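Colleague: So the sequence lines, in the order shown, correspond to chains A and B.
The numbering of the first sequence is our numbering, which starts it at 1 and goes up by one.
The numbering of the second sequence is our numbering, which starts it at 559 and goes up by one.
Quick caveat, the hints were computed from the structure, so don't treat them as lab data.
Treat each hint with caution, since some may be false.
[Claimed, not checked] Listed below are the simulated SDA-like cross-link pairs for lysine to any residue, each with C-alpha atoms no more than 25 Å apart in a straight line:
| id | chain 1 | residue 1 | chain 2 | residue 2 |
| --- | --- | --- | --- | --- |
| 1 | B | 809 | A | 4 |
| 2 | B | 809 | A | 551 |
| 3 | B | 572 | A | 43 |
| 4 | A | 219 | B | 1107 |
| 5 | B | 1005 | B | 1107 |
| 6 | A | 423 | A | 436 |
| 7 | A | 371 | A | 318 |
| 8 | B | 1032 | B | 722 |
| 9 | B | 724 | A | 187 |
This structure is a prediction, so every number in the text was calculated from the model and none was measured.
Protein chains: 2
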Amino acid sequence: MKHLTDIEIAQQNKIKHIKEIATKLGIEEDGIEMFGKYKAKLPLSLIDEEKIKNNNLILVTAITPTPAGEGKTTVSIGLTEGLNKIGNQATVVLREPSLGPVFGIKGGAAGGGYSQVIPMEDINLHFTGDFNAVEKANNLLSALIDNNLQSSCCKLNLDPRTILWKRVMDMNDRSLRNIVIGLGGTANGVPREDGFDITPASEVMAILCMANDFEDLKKRLGDIFIGFTYDKQPIFARDLKAENAMAILLKHAIRPNLVQTLEGNPAIIHGGPFANIAQGTNSIIATKMGLSLSNYVITEAGFGADLGAEKFLNIKCQSAGLSPKAVVLVATIRALRHHGGAKKDQYNTPSLDFVKQGFCNLEKHIENIRKFNIEPVVAINAFSNDSYEEIEFIIEKCEELGVQAVVSEGWAKGGKGTIKLAKAVVKVVESNKSSFKPLYDWNSPVKEKIEKIAKEIYGAAIVDFDKKAKLNLKRIERLGFSDFAICMAKTQKSFSDNEFLVGRPENFTVTVREIEIAAGAKFIIPILGSMMRMPGLPGTPASENMTIDNNGVISGLS
Amino acid sequence: MKHLTDIEIAQQNKIKHIKEIATKLGIEEDGIEMFGKYKAKLPLSLIDEEKIKNNNLILVTAITPTPAGEGKTTVSIGLTEGLNKIGNQATVVLREPSLGPVFGIKGGAAGGGYSQVIPMEDINLHFTGDFNAVEKANNLLSALIDNNLQSSCCKLNLDPRTILWKRVMDMNDRSLRNIVIGLGGTANGVPREDGFDITPASEVMAILCMANDFEDLKKRLGDIFIGFTYDKQPIFARDLKAENAMAILLKHAIRPNLVQTLEGNPAIIHGGPFANIAQGTNSIIATKMGLSLSNYVITEAGFGADLGAEKFLNIKCQSAGLSPKAVVLVATIRALRHHGGAKKDQYNTPSLDFVKQGFCNLEKHIENIRKFNIEPVVAINAFSNDSYEEIEFIIEKCEELGVQAVVSEGWAKGGKGTIKLAKAVVKVVESNKSSFKPLYDWNSPVKEKIEKIAKEIYGAAIVDFDKKAKLNLKRIERLGFSDFAICMAKTQKSFSDNEFLVGRPENFTVTVREIEIAAGAKFIIPILGSMMRMPGLPGTPASENMTIDNNGVISGLS
Chain A
1 MKHLTDIEIA QQNKIKHIKE IATKLGIEED GIEMFGKYKA KLPLSLIDEE KIKNNNLILV
61 TAITPTPAGE GKTTVSIGLT EGLNKIGNQA TVVLREPSLG PVFGIKGGAA GGGYSQVIPM
121 EDINLHFTGD FNAVEKANNL LSALIDNNLQ SSCCKLNLDP RTILWKRVMD MNDRSLRNIV
181 IGLGGTANGV PREDGFDITP ASEVMAILCM ANDFEDLKKR LGDIFIGFTY DKQPIFARDL
241 KAENAMAILL KHAIRPNLVQ TLEGNPAIIH GGPFANIAQG TNSIIATKMG LSLSNYVITE
301 AGFGADLGAE KFLNIKCQSA GLSPKAVVLV ATIRALRHHG GAKKDQYNTP SLDFVKQGFC
361 NLEKHIENIR KFNIEPVVAI NAFSNDSYEE IEFIIEKCEE LGVQAVVSEG WAKGGKGTIK
421 LAKAVVKVVE SNKSSFKPLY DWNSPVKEKI EKIAKEIYGA AIVDFDKKAK LNLKRIERLG
481 FSDFAICMAK TQKSFSDNEF LVGRPENFTV TVREIEIAAG AKFIIPILGS MMRMPGLPGT
541 PASENMTIDN NGVISGLS
Chain B
559 MKHLTDIEIA QQNKIKHIKE IATKLGIEED GIEMFGKYKA KLPLSLIDEE KIKNNNLILV
619 TAITPTPAGE GKTTVSIGLT EGLNKIGNQA TVVLREPSLG PVFGIKGGAA GGGYSQVIPM
679 EDINLHFTGD FNAVEKANNL LSALIDNNLQ SSCCKLNLDP RTILWKRVMD MNDRSLRNIV
739 IGLGGTANGV PREDGFDITP ASEVMAILCM ANDFEDLKKR LGDIFIGFTY DKQPIFARDL
799 KAENAMAILL KHAIRPNLVQ TLEGNPAIIH GGPFANIAQG TNSIIATKMG LSLSNYVITE
859 AGFGADLGAE KFLNIKCQSA GLSPKAVVLV ATIRALRHHG GAKKDQYNTP SLDFVKQGFC
919 NLEKHIENIR KFNIEPVVAI NAFSNDSYEE IEFIIEKCEE LGVQAVVSEG WAKGGKGTIK
979 LAKAVVKVVE SNKSSFKPLY DWNSPVKEKI EKIAKEIYGA AIVDFDKKAK LNLKRIERLG
1039 FSDFAICMAK TQKSFSDNEF LVGRPENFTV TVREIEIAAG AKFIIPILGS MMRMPGLPGT
1099 PASENMTIDN NGVISGLS
């Protein structure tokens, strides 16, 4: 049998009109704003705080991932199919994919195999324009900053050397990382260093996903911290009267998007902030929308649980008052082999020894989830080269820890392949064992918050603050930002800040090099390594192998 | 009575569901792709070449404009209301506004007063994402170019100093006009000079609007000329295998957008190329769509008739096989005063003398339209300070030339104010006097084509070619592009290339400084002055006075 690509599976599927999906959620045709026949925006008036409290939020996270990722999105979608199959009303709530990587190596991000959200081409390309709106709002602020430097009549006395706000573009374009702008004489701006990040790295994206409502969005946009005047006074976006115009650009983007899974179940897809320098999960509004409309909401957060789940729980849930009823920890045998010492060319060969050695990684993530007083379920995302004995080993070891581990075959089989997982999740939810408590209080001192995450979640023995980070700490205090959430920026490849320490490293030191501020998002961002904010294209970009025929049918998109 | 702003008029209007507008055009609900309740995309399958031949295309153009513009869009929309009012089935087909200027001085571009297309906020902001798609396609090509310079494995031997392709952003942002990219060491690209133009200046926009269908679009994208190798060989977008990925990004953007006028008549709005370095009119596909669906199509082209109408007729109509049945020449008393010698502070004061002196400008435009064997109608776009004797003078003088001049009050009264104009247009159409013939054949020599436009349309005595332009001419010949259309880039403020020569200048020389190539659009662009491709923001940007309330109601957008 020919192995079908993701786009072939998606295109072969009989897609339902989005009105039918809305009906499943109890929304009438008039209640949605259609974008073609298969996409719609949902009005914020559908959010219902009472229902949010009573329905069940499930977070899908993962062990420390290999570069290919362990399939959180695929498991999230598959689990949603499974939950619906066994009689629950479940909606998957996901991040929107970034356009840039579609033309690079990574490809799109709409699930895979028989666990996808559709129409996958649209979701991966432009979608309903939210990323574009974020990009424009970000770059309008940039234009206003440089216009202020240029104009003599309304100068804020802003020191161009202190400007922290960068432009963004949703493109993998390394040449824009470091640029000099404003060249060409007095009519063409003030020369200064600048750079473009990719759009998901924009603080506007983080803000959109942290906002509770439109009023909160506007307020947060005004709170964006830009830099300092020559006499060291902080300048914010509100000083440029930028927040209303930026909010106008985000008028439609604030509303979550409704699409569907391959099996015709509802999928809400909204927002896509980076998982390193930002929170890496869909918008608070989308999660609340899901919980207002269905009994189960399955959602995910980027990278491993040390980053994704930690931020999801401490930042998003604490800010929005959400309480997950269970956490699904995705593990792959392949990644466990890696954590057990397998080299890249050994990843796909069964080895009980490597898996035994690598189990410690999963074990630490299980322990971490329990620190939030939430019960985990382990989903073993199945690959064709997994051996029976490796799988059985994981299941038994988890059982010893009181955790149910289940093989998830959503990629190969869709909802049929995730019924066991769905049942395990329902069992945890109905056991009422979870009662979420955050790891730290936002009001505790910044250093204490950082140390708590590093020591309790990562397992670090010592947290070092570089000289720059110490200066940054003082600045944060001076600016009155000490009660912000902590948004750690660390490699996803290890619990530590050294990507080569696999498994469960111990007795290590993490070093906070510097600390950034996202004042609109209300984050303090400790930087524990160099963070990529603008990817590049590979030697042979994926774009070269894409085609579109004269009827608009696309191939080569993954 | 309080004078209402454009946005207040638009918001007070009872807007119809877009399904109703589609019904007026004989399209069933299933035949459109809705973008919310008030916008839709139309499938290309609705284009019908037989109907295009039989229905009536009316071009709205203008005399040489003052900086505020003479109201072509407003007259086009008003005329459409009027034509429908007197029992015709008419659709207005317009360009999409650019987002950047909305936050600058200019504001939006969706008509004005009681002649607007709605929802005006959406049309002015993001709309259905077409500009964004053009921007992304343009910038993907840029990223591929720089990625090729970076990567050692697939080098095209492209000489970075020869790269003509620039990045674009739909923002008024002067600081991006001249930049240096690729700084920061070997991992971050190859340093070179670059710059951003505003999105309407992208050749991708020109191509989208020249394309006959999807196949043609793809072909043209591949034909984009990028620069030269170190051994002087031309490099095209197809050499980077870029055209399919670019076309994928334009999959939705190629379809025209349906909205409505204030009086609920159909408006098709699609594409928005610059009027100086590009053709300055909506897409061929949109014009054909309009003609496939209604008896009258009213459309416009940017700047005065020397630029807009000339390009519309020689480039667009010749390429697409379209034959306008009438041309509406918009004049304002204000602009005629200007051409008669009034200073800026005299523009709004009645003066028969100035109007008499300035009439020569209108007269030359009338003569020019007749060179294409098309009958003009003059629309005097009414302003409150027009005097009766000024108006009567114009009407009589036009009558002497055998042209009907009619006062158009669409801004103040909507369709009620344009019934006379509508009747005059119908009379010209039914007289069957127009039988379009282009001014030049694309196959004639480049120099001859340029001279023909400059002498016959502008009234120049001599056409000078600077040294650079002469070298460019040789390059064009060597590359085999001599049979392209001529897309003149000249100031819109004068028939000549000197913006201070108002009225009807004579015995002047125009100087072709250099000649650019848009190989995908199939244009040769003689540059007759410095062309602004990236506007800046004013000292107090419009953004500062915009607000949006918590229900999403916008004010301060004009």
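Colleague: Are the hints correct? Go through all of them and say.
Modeller: Okay, the hints, checked on the actual structure:
1. Annotation: proposed proximity of residue 809 of chain B to residue 4 of chain A holds, straight-line Cα distance about 23 Å (limit 25 Å).
2. Proposed proximity of residue 809 of chain B and residue 551 of chain A is supported: the alpha carbons are some 9 Å apart, at most 25 Å.
3. Distance restraint check for residue 572 of chain B and residue 43 of chain A: the Cα-Cα separation of roughly 21 Å lies within the 25 Å cut-off, and the hinted pair is therefore satisfied.
4. Restraint check for residue 219 of chain A and residue 1107 of chain B: satisfied, since their Cα atoms lie roughly 12 Å apart, inside the 25 Å limit.
5. At most 25 Å may separate the alpha-carbon atoms for a hinted pair to count; residue 1005 of chain B and residue 1107 of chain B exceed this at roughly 56 Å.
6. A C-alpha spacing of about 21 Å is found between residue 423 of chain A and residue 436 of chain A, which places the hinted pair at or below 25 Å, so the restraint holds.
7. Annotation: proposed proximity of residue 371 of chain A to residue 318 of chain A holds, straight-line Cα distance about 15 Å (limit 25 Å).
8. For the hint pairing residue 1032 of chain B with residue 722 of chain B, the CA-to-CA distance comes to about 17 Å; that is within 25 Å, so the pair holds.
9. Between residue 724 of chain B and residue 187 of chain A, the direct Cα distance comes to roughly 19 Å. Compliance with the 25 Å bound is thereby established for this hinted pair.
In this structure, the one hint that does not hold is number 5.
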